[in-house]
Amino acid sequence: MIINFINFTISGAMVFFDIQFFGANHAQFSLLAILVFVLTETIVMYFFIATGKSIKNILIENNSSESERLWDKIKSIKGTIFPQIMLTITIVGTLYIFYFGYVASNSNAENIKYAWISTPLFIFGYLHHIWTLKVKNDSFKMQIDIVGELPNSE
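Per numbering that gives the first Met the number 0, the sequence shown runs over residues 0 to 153.
Keep in mind the hints are simulated off the structure, nothing from the lab.
No residue lacks a Cβ here, since even glycine has one placed at the ideal position from N, Cα and C.
Treat the hints with care, as some may be off.
Unchecked claim - Quick list of the computed label-pair ranges, beta carbon to beta carbon:
| # | residue 1 | residue 2 | range |
| --- | --- | --- | --- |
| 1 | F123 | V35 | 16 to 22 Å |
| 2 | P82 | F4 | 18 to 24 Å |
| 3 | N61 | F4 | 22 to 28 Å |
| 4 | S53 | G78 | 17 to 23 Å |
| 5 | G147 | V14 | 39 to 45 Å |
| 6 | F123 | A49 | 28 to 34 Å |
| 7 | N24 | W115 | 19 to 25 Å |
| 8 | T93 | I59 | 36 to 42 Å |
| 9 | I96 | K140 | 30 to 36 Å |
| 10 | V146 | I42 | 14 to 20 Å |
| 11 | I122 | V35 | 18 to 24 Å |
| 12 | T89 | F46 | 39 to 45 Å |
| 13 | G22 | K72 | 44 to 50 Å |
| 14 | Y45 | F123 | 23 to 29 Å |
Build the full structure now, drawing on both the sequences and the hints.
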């Protein structure tokens with residue numbers, strides 16, 4: 000997750016300060032950054048899906064009121080984290096698609112037109128990603144706490 004933050008920061012700095020990173024221009028580095036970003040965010044989602052499914056199976060075996068309470072907590076975590084992750088992926092994906100779909104393919108495009116759209120979208124995406132880091136961290140903690148509360152199956 001911190002890798003995405005670093006990639007996001009470097010990618011933004013490359014645009015705003017017109018710099019290269021290890022010889023890669025903004026487009027080349029952003030391609031790597033978006034691939035890493037989508038991969039890691041997908042892994043985070045998979046973690047919550049897989050652990051939620053495993054916890055559900057354990058809770059079904061117990062079938063108690065405590066099991067229902069724990070399952071409600073799991074659903075609450077998923078309801079909190081999934082929309083945030085999907086929104087972040089959408090924002091970052093939109094920036095990437097917009098750049099390569101509009102700017103890179105339209106050599107006559109004025110950079111100012113792109114900047115009016117991409118700069119606020121980048122800032123919003125960057126701030127939202129920082130927010131989701133907190134949400135993901137809190138969700139990981141809650142998920143681990145629930146694992147600690149699971150009844151022992153004997």
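Each hint tested on the structure:
no., hint, in the structure
1, F123 to V35: 16 to 22 Å, "20 Å, holds"
2, P82 to F4: 18 to 24 Å, "20 Å, holds"
3, N61 to F4: 22 to 28 Å, "39 Å, violated"
4, S53 to G78: 17 to 23 Å, "19 Å, holds"
5, G147 to V14: 39 to 45 Å, "44 Å, holds"
6, F123 to A49: 28 to 34 Å, "30 Å, holds"
7, N24 to W115: 19 to 25 Å, "22 Å, holds"
8, T93 to I59: 36 to 42 Å, "39 Å, holds"
9, I96 to K140: 30 to 36 Å, "34 Å, holds"
10, V146 to I42: 14 to 20 Å, "18 Å, holds"
11, I122 to V35: 18 to 24 Å, "21 Å, holds"
12, T89 to F46: 39 to 45 Å, "20 Å, violated"
13, G22 to K72: 44 to 50 Å, "48 Å, holds"
14, Y45 to F123: 23 to 29 Å, "26 Å, holds"
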